[in-house]
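The residues making up each chain are set out below.
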Amino acid sequence: MNFNLTLIAQALVFAALIWFTVKFVWPPLLRAIEARQKQIADGLAAAEQGKKSLESSSKQAELAIAEARARAAEIISQAEKRDAQMVEAAKVAAKTEGDREKAAAKADIQQEAQRAREQLREQVAALAVAGAEKILRREVDAKAHAELLDGIKKQL
Amino acid sequence: MAAGKEFNATEYIGHHLTHDVRPFLGDGGFWSLHLDSVLVSVLLGFVGIGFLWWVVRGATSGVPGKRQAFVELLVGFVDEQAKGVFRHGDRNAFVAPAALTVFVWVLLMNSMDFLPVDIVAMGTHKISEHGFRIVPTADINTTFALALSVWILMLVFSVQAKGFGGFLHEIFCSPFGAKLFPLNVLFNAIEYLSKPLSHSLRLYGNMYAGEIIFLLLWLLAAAGLGWAGLAFLLGLGWAIFHILIVALQAYVFMMLTIVYFSMAHEHH
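Quick mapping for you: the protein sequence lines, in order, are chains C and H. For the first sequence, my numbering assigns the number 1 to the initial residue and increments by one for each residue that follows. For the second sequence, my numbering assigns the number 1 to the initial residue and increments by one for each residue that follows.
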């Protein structure tokens, strides 16, 4: 256990090592670590921000979807109403048209029947006149009895 | 142990506990140097602090590599201890890096205890025929150099923090009050003297004892093949246990350094 110059030499070495560490080792590493800590803190803050904005935007999206759904329902119901209205109108139009056509047809039929009846009457009259002519050929002068025959024709 | 000589236990231990003494002025005495302690500690200082510097120079604030992560763990560990004890200002300015230096350097110097002395001696005999001790912290000059440096820095910080008047006031009036000033002076003198003594002797004692126990085990190994086997097992056990001591003593030395610096800033 003898003290000597080694004591001073080691103290000098110690001082040099401390000086070097204080000056060149500690500060750059501390800077790097602090910069990384800041980066991580910023990243976490950004993530938090992102989460928040995601939440708000998904809320907005939900709102928009609900609105769109309501609007779609409204449009559908309107369309259904209009559809029903159109069908109703078409029905009414068709019925009117049908009625009109039916009436026209009825009138046609009546006209035709009238005409047929008229024809028939004339034919029957001609036939009756022809028959009467045959019966009264000799004794009745056609010219003399024309008045009578016309009268019969009119009665038919 | 030099080969070919008659084996002698006293000589073996004495040989391994002899410093490589180089006289500087006249025939030495105080003015001589333990070349082994200085050489090994300077080398380890270069290796340890140089490694840190090499890693730190390429340090990135992005994703760290394995080397940088290791250094950051080490620095984080030391910084955590400094943060826990030193609360009197910016620890990054001096206290924390000084603690890192102490921890790394002392740990490396203590770790030299793990190297097998006789194999290392084959190489160191080329430097010094008489002896070459490779554990600088088992040299009381080294531990006292560290402890006294810390002690002087502590006094400087104390005066810086309180002013010279405040420092003297504390010596005379604390802890028992101004009326009992002789008692205060005595109390503070003992405290100030005990700090560097316990600081340095604790480390020195642990490392010196570790060295001696290794030497005794290797002495046992020299007794024969069976004894060598036993010495191997005991040596293995002691080496494993010694890992704890080496790390623990480095840690204790660092903690005391931080605590002393911290106490210097405290006002009483």
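Just so you know, these hints were derived from the structure itself, not from any lab. Worth double-checking, as some hints may not be accurate.
[As the list claims (entries may be wrong)] Cut-off 20 Å, straight-line C-alpha distance, at most; resulting in silico cross-link-like pairs (SDA-like, lysine to any residue):
{"hint": "1", "chain 1": "H", "residue 1": "K126", "chain 2": "H", "residue 2": "S61"}
{"hint": "2", "chain 1": "C", "residue 1": "K23", "chain 2": "H", "residue 2": "W54"}
{"hint": "3", "chain 1": "C", "residue 1": "K23", "chain 2": "H", "residue 2": "E72"}
{"hint": "4", "chain 1": "C", "residue 1": "K23", "chain 2": "H", "residue 2": "Q68"}
{"hint": "5", "chain 1": "H", "residue 1": "K83", "chain 2": "C", "residue 2": "A32"}
{"hint": "6", "chain 1": "H", "residue 1": "K195", "chain 2": "H", "residue 2": "A178"}
{"hint": "7", "chain 1": "H", "residue 1": "K66", "chain 2": "C", "residue 2": "P28"}
{"hint": "8", "chain 1": "H", "residue 1": "K195", "chain 2": "H", "residue 2": "F172"}
{"hint": "9", "chain 1": "H", "residue 1": "K83", "chain 2": "C", "residue 2": "R31"}
{"hint": "10", "chain 1": "C", "residue 1": "K23", "chain 2": "H", "residue 2": "G58"}
{"hint": "11", "chain 1": "H", "residue 1": "K162", "chain 2": "H", "residue 2": "A93"}
{"hint": "12", "chain 1": "C", "residue 1": "K154", "chain 2": "C", "residue 2": "Q119"}
{"hint": "13", "chain 1": "H", "residue 1": "K162", "chain 2": "H", "residue 2": "A189"}
{"hint": "14", "chain 1": "C", "residue 1": "K23", "chain 2": "H", "residue 2": "W53"}
{"hint": "15", "chain 1": "C", "residue 1": "K23", "chain 2": "H", "residue 2": "F46"}
{"hint": "16", "chain 1": "C", "residue 1": "K38", "chain 2": "C", "residue 2": "L54"}
{"hint": "17", "chain 1": "C", "residue 1": "K23", "chain 2": "H", "residue 2": "D90"}
{"hint": "18", "chain 1": "C", "residue 1": "K38", "chain 2": "H", "residue 2": "S61"}
{"hint": "19", "chain 1": "C", "residue 1": "K23", "chain 2": "H", "residue 2": "G50"}
{"hint": "20", "chain 1": "H", "residue 1": "K126", "chain 2": "H", "residue 2": "V21"}
{"hint": "21", "chain 1": "C", "residue 1": "K38", "chain 2": "H", "residue 2": "F51"}
{"hint": "22", "chain 1": "H", "residue 1": "K83", "chain 2": "H", "residue 2": "M263"}
{"hint": "23", "chain 1": "H", "residue 1": "K195", "chain 2": "H", "residue 2": "S174"}
{"hint": "24", "chain 1": "H", "residue 1": "K66", "chain 2": "H", "residue 2": "K83"}
{"hint": "25", "chain 1": "C", "residue 1": "K106", "chain 2": "C", "residue 2": "A116"}
{"hint": "26", "chain 1": "C", "residue 1": "K154", "chain 2": "C", "residue 2": "I109"}
{"hint": "27", "chain 1": "C", "residue 1": "K134", "chain 2": "C", "residue 2": "D150"}
{"hint": "28", "chain 1": "C", "residue 1": "K23", "chain 2": "H", "residue 2": "F51"}
{"hint": "29", "chain 1": "H", "residue 1": "K162", "chain 2": "H", "residue 2": "R91"}
{"hint": "30", "chain 1": "C", "residue 1": "K23", "chain 2": "H", "residue 2": "R91"}
{"hint": "31", "chain 1": "H", "residue 1": "K66", "chain 2": "C", "residue 2": "Q119"}
{"hint": "32", "chain 1": "H", "residue 1": "K83", "chain 2": "C", "residue 2": "L30"}
{"hint": "33", "chain 1": "C", "residue 1": "K38", "chain 2": "H", "residue 2": "Q68"}
How the hints compare with the structure:
1. K126(H) - S61(H): 46 Å, violated
2. K23(C) - W54(H): 14 Å, holds
3. K23(C) - E72(H): 17 Å, holds
4. K23(C) - Q68(H): Distance ~18 Å between K23(C) and Q68(H) Cα, so the pair holds.
5. K83(H) - A32(C): Holds. K83(H) to A32(C) sits at ~19 Å (cutoff 20 Å).
6. K195(H) - A178(H): Not OK: K195(H) and A178(H) at ~24 Å, beyond 20 Å, violated.
7. K66(H) - P28(C): 17 Å, holds
8. K195(H) - F172(H): 18 Å, holds
9. K83(H) - R31(C): Between K83(H) and R31(C) the Cα gap is close to 17 Å, so the pair holds against 20 Å.
10. K23(C) - G58(H): 16 Å, holds
11. K162(H) - A93(H): Given that 20 Å is the threshold and the Cα spacing comes to 19 Å, the pair holds.
12. K154(C) - Q119(C): Roughly 13 Å between the alpha carbons, so the hint for K154(C) and Q119(C) holds.
13. K162(H) - A189(H): 18 Å, holds
14. K23(C) - W53(H): 10 Å, holds
15. K23(C) - F46(H): It holds: about 15 Å lies between the C-alpha atoms, which stays within 20 Å.
16. K38(C) - L54(C): 24 Å, violated
17. K23(C) - D90(H): 15 Å, holds
18. K38(C) - S61(H): Measuring from Cα to Cα gives roughly 10 Å; hence the hint holds.
19. K23(C) - G50(H): 13 Å, holds
20. K126(H) - V21(H): Since the Cα atoms of K126(H) and V21(H) sit roughly 15 Å apart, the hinted pair holds (cutoff 20 Å).
21. K38(C) - F51(H): Distance of about 26 Å is beyond 20 Å: violated.
22. K83(H) - M263(H): 14 Å, holds
23. K195(H) - S174(H): 17 Å, holds
24. K66(H) - K83(H): 25 Å, violated
25. K106(C) - A116(C): Holds, at about 15 Å.
26. K154(C) - I109(C): Roughly 25 Å between the alpha carbons, so the hint for K154(C) and I109(C) is violated.
27. K134(C) - D150(C): 16 Å, holds
28. K23(C) - F51(H): 15 Å, holds
29. K162(H) - R91(H): Given that 20 Å is the threshold and the Cα spacing comes to 18 Å, the pair holds.
30. K23(C) - R91(H): 14 Å, holds
31. K66(H) - Q119(C): Status violated; Cα separation ~124 Å.
32. K83(H) - L30(C): Given that 20 Å is the threshold and the Cα spacing comes to 14 Å, the pair holds.
33. K38(C) - Q68(H): Within the cut-off at roughly 18 Å; holds.
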